[in-house]
Structures are given as structure tokens and as C-alpha cells.
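Asks: Sequence:
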Amino acid sequence: MSTGSMLELPKYLVEVGEPYVSPEAHKIYEVPPKTYGLGKQCCRQYGRVVLLNQLPLLRDINFQMLLYWIFLKMILDHHSTCNGKNELCFGRGPCYPDEFESTRIIGERQCKKAVELFDKASEQLKGKVDYRHAYLNFSSLEVSLPKVGGGQEVVKTCPAAMGFSFAAGTPDGLGAFDFNQGDDKGNAFWRVVRNLIRTLSQEQVKCQLPKPILLDTGETKKPYDWAPSILPVQILQIGQLVILSVPGEFTTMAGRRLRDAVKTVLTSKGHGKFDSNVHIVIAGLTNTYSQYVTTIEEYRVQRYEGASTLYGPHTLDAYIQEFKKLAAALISGQAVEPGLPLPDLLDKQISLLPPVVVDATPFGVNFGDVKTDIPSNSTFKKGQLVTVTFWSACPRNDLMTEGTFALVEILQNQNKWAPAYDDDDFSLRFKWSGLATLSPESFATLEWRIPASAVSGVYRINHFGASKSLLGSISHFTGSSSAFVVA
1 MSTGSMLELP KYLVEVGEPY VSPEAHKIYE VPPKTYGLGK QCCRQYGRVV
51 LLNQLPLLRD INFQMLLYWI FLKMILDHHS TCNGKNELCF GRGPCYPDEF
101 ESTRIIGERQ CKKAVELFDK ASEQLKGKVD YRHAYLNFSS LEVSLPKVGG
151 GQEVVKTCPA AMGFSFAAGT PDGLGAFDFN QGDDKGNAFW RVVRNLIRTL
201 SQEQVKCQLP KPILLDTGET KKPYDWAPSI LPVQILQIGQ LVILSVPGEF
251 TTMAGRRLRD AVKTVLTSKG HGKFDSNVHI VIAGLTNTYS QYVTTIEEYR
301 VQRYEGASTL YGPHTLDAYI QEFKKLAAAL ISGQAVEPGL PLPDLLDKQI
351 SLLPPVVVDA TPFGVNFGDV KTDIPSNSTF KKGQLVTVTF WSACPRNDLM
401 TEGTFALVEI LQNQNKWAPA YDDDDFSLRF KWSGLATLSP ESFATLEWRI
451 PASAVSGVYR INHFGASKSL LGSISHFTGS SSAFVVA
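Using UniProt numbering, you'd call the opening residue of the sequence shown number 1 and step up by one each time.
Heads up, a few of these hints could be off.
[As the list claims (entries may be wrong)] Okay, derived cross-link-like pairs now, BS3-like style, lysine-lysine, Cα gap no bigger than 25 Å in a straight line:
(1) 156 <-> 206
(2) 206 <-> 185
(3) 221 <-> 273
(4) 128 <-> 147
(5) 324 <-> 147
(6) 263 <-> 273
(7) 381 <-> 156
(8) 348 <-> 382
(9) 128 <-> 112
(10) 128 <-> 273
(11) 221 <-> 147
(12) 128 <-> 156
(13) 156 <-> 112
(14) 126 <-> 324
(15) 147 <-> 273
(16) 324 <-> 156
(17) 222 <-> 147
(18) 126 <-> 221
None of these hints come from the bench; they were simulated from the model. Values in this document were obtained by computation on a predicted structure and should not be read as measured data.
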């Protein structure tokens, strides 16, 4: 089979993946380096040579599997770098590089599973509705832990701090510069940069170990607190369903440990109010945001999540302790201390997003005028893409929260246009772009992928927007494409 009939790996993946192709495998199986499009392919996985002997067939699924295999191998090392760079390790959806289609597929899968679970639900919630809520100072919370050999020891949480691996990011949110995950030592250069912002106290350094601190967010107060100290925790009961509202992102194992601890309290001390059938759910990112929460084992490794666990190695232990108290109060019917009030920082907020200065169009052109129209007398079939471009203005002038930036209309009764699709529909895309850097001129491209369910008829595409004058006034505008036929 000739190479011309084979699918070959993209150049960027060949370059990034080359270090992970075994030289021994090349020699044993006589596969020349970078002959990725044909013959047998051998790769090294955790020091073990794996023979992928079906690659002559790599037209569909085998090709995709190879891409994902090499990509996953690259990011599943200790530092999660791709060929030494974290910038190359970013998440790729099922239709990469088409982010729209990847989003549609992932969303559709989630929707189908949600509907499936909803349709299969058979257990009815019965019982009382109740809750307990408290504000706690997580920067210096005392936590009692069992000691090895018996007894108790008291540890404390720390003022918030971000570790070096936080800046490495993850495949769903890239980092920058030379930061890597799994860094428990730090970097001399970035320590100097850090100290220009704030010099660390030895108490804070010791409290956060083994995290090397990049940003001392809990003790940096200008222009206002860089991280929250007082956090809300809440437990809600709806019959046999118990919801734990946490202000952060728990790792899978951290969530399991919290859930198991609360379940033990409810079932062992509930005097029959709860049994083994109690359903405990963790609702993350509730009421405020305080980054991640990991287990002590995950914290010691100092990957991204451990470096983003703000309040030190005993953060999870603090949550477990306090939620056990809330669970006990829920059972006994006793109230809990509301805790410290949250600081009001609304009047101190700053924004690094510059405001819209002014919008403009070329001489003789109005906002909403068509820049590139649909060809006249066009006819399209289901599944085809219809595109039109309008002279537009910055969408931040009006987010159209109760409206739409794009609208597809169908002609009814020969004289009346009726709405058919707007920018809530996945088939209709609104893309805005400036004409050039610092230019006040901009345009909006509207793309409609005609759904299979679309009714045959005459259509047009409308654009809605708002422009800003030099004096600051906002003016709304509309524009319409030429009519076209969907067969």
C-alpha cells in the first residue's frame, strides 16, 4: 500500500511524539523513524514496547486511537509536559481541531445520559427539608486528627497560597513559561519574582510544606485580598438526599472521603433518621470559589490540583471535620454558629479588561450593513453551511441577554418573516472579530449549518448589535442578508 493512500500524523504531532517512539522498536521491526503512515508501528509505553500491528488499516478509528495514545502517553508522565513544554499539552475534543463540533458531541452525550438517568429514576424522595450553614476562617482552622498509636493531635490550616505547579496549568487550562506539574522544589528565578510581590514568612513556608509557594495569596491584601479566608460550608437535606455544598473543586478521592465521613455520621448517630439508602451528593463551586481540595497523598505529589489546594496539607481534613459537625447538628436539630461575616469587597473591585472606546464603520457604511452577502438566488440543501458577514460593533456594548445576536427567519404566507433559529441553537454560530488591532471597525460572521429537521422554504439571516459612539452613547442596529432557499 502506498503512502499516498494512507492517513499520516500531523506534523506537530510527529514532532511532539517522536521522543515516545522506541528506537529499539524501530530496529527490531525495521520501521524507519517517522514512518508513521504505514506498516507496523511500535511505541514505548512506560518502558514497555507495544506493537500496534493494525496500522495499515488506520483510516478511521485506528488512526484516532494512535493520536490519542501518543497524546495521552505524553501527558501522563510526572510533569505533564509534551516534549518538555506544557503549552503543547492541551485537551483535544473528539473532533479536534473543530471546537464547535467537539462541544456539540460532548454536550449531546451528557444530555442523553442525563435524560436516561431521569427516565430510569424510580425512588421517590420522602422526608423533611432542612439545612445547616456556617462561615469558617480556613486560614487558621484547628483540626483534630488521630495519631498513629492512639490519641489525637491538633494541626492547623494555613493562609492561602498557590504552589509552583499551579502555574503549569492542566490540559484543560494551559500554563505558561517553564512551569511543570509535580514541582515540589520551586525555581530560583520565580522565587525572586515572587519576593518582589511579597516575602514569605517562615511560618507560612513551614505550614504549606511540601508545597513550594509561588503566590502567597492569603497574606497579600493589596488592592484587596487575593484569596478568600472565610468560606461558606453548607449541608442540605431533601428527604433521603443530602447535598454537601463546598466552595471548591474536590478531587475524586477527596470527595469520596468527605462523602463517606458524612455518611458515617448520619447513619451511625442518626437514631434511625438515615439508613444505608441515604444519597450523599457533593455540589462543588458553591457560594464562593477557593480553588482545589486534594487528599494528603495528592497534596504531597504537588501536581496542579495539589499546588492549587490553598489552605495547606490539612485542607481536606478541615472540610471533613466541619461537615461532620454540620451533619451532627442536622441530626440533632440543633443550630450552628453562623461564623464570621464575609467582607464586602464590591466597592474595591478592579477590572483589567479595558472598556470599549468607540465603534466605527468605513465611510459610507452603516452598522448592520452586509459586508459579504449570500449569493443571490442561492439554494442550499440540509447539512450545508450558509455564511454571511455584517459590519458590526463590539458585542460587549450589549450582551443581548434577553435577545440574540443572530436570527434565522423563514418566510411565511409570502409576506411575513417568522423566527426559526437564534443563537441559542447550536446550528447557528455568531463570530465577531476586529478588523485590525486597535481599529474601531469590526465585523460579525454568522454561520448556519442547516439542520436535517429544517423546513424547506425561503430564509434569511439577521444580525442584531449595539454600537458605541465617541461620547459614550449606545445605539442598536440590525441587518439582514439576502433571501435564499432551503430545498
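Asks: Would you mind confirming whether the straight-line C-alpha gap from residue 222 to residue 147 stays at or under 25 Å?
Replies: Violated, because 39 Å separates the two Cα atoms, which is more than 25 Å.
Asks: For a C-alpha distance cap of 25 Å, please report whether residue 206 and residue 185 respect it.
Replies: Given pair residue 206, residue 185 holds - Cα atoms ~13 Å apart, limit 25 Å.
Asks: Below or equal to 25 Å on CA atoms is what counts here, so check residue 128 against residue 147.
Replies: The given pair, whose Cα atoms are some 38 Å apart, is violated under the 25 Å limit.
Asks: Measure nothing beyond the straight line between the CA atoms of residue 156 and residue 112; if it is 25 Å or shorter, mark the hint as holding.
Replies: violated (44 Å)
Asks: Given the hinted pair residue 263 and residue 273, is their alpha-carbon gap at most 25 Å?
Replies: holds (12 Å)
Asks: Need the status of pair residue 348, residue 382: alpha-carbon distance at most 25 Å?
Replies: violated (52 Å)
Asks: For a C-alpha distance cap of 25 Å, please report whether residue 147 and residue 273 respect it.
Replies: Violated. Residue 147 to residue 273 sits at ~32 Å, over the 25 Å cutoff.
Asks: If you draw a straight line from the CA of residue 221 to the CA of residue 147, is it 25 Å or shorter?
Replies: With a Cα-Cα distance of about 36 Å, the restraint between residue 221 and residue 147 is violated, given a limit of 25 Å.
Asks: Check the hint pairing residue 324 with residue 156 against an upper bound of 25 Å on the C-alpha distance.
Replies: holds (17 Å)
Asks: With the threshold set at 25 Å, check whether the alpha-carbon distance from residue 221 to residue 273 stays at or below it.
Replies: Given pair residue 221, residue 273 is violated - Cα atoms ~45 Å apart, limit 25 Å.
Asks: Are the Cα positions of residue 128 and residue 273 separated by 25 Å at most?
Replies: holds (10 Å)
Asks: Between residue 128 and residue 156, is the straight-line Cα distance small enough, at 25 Å or below?
Replies: violated (35 Å)
Hint check: violations occur at hints 3, 4, 7, 8, 9, 11, 12, 13, 15, 17, 18; the rest are consistent with the structure.
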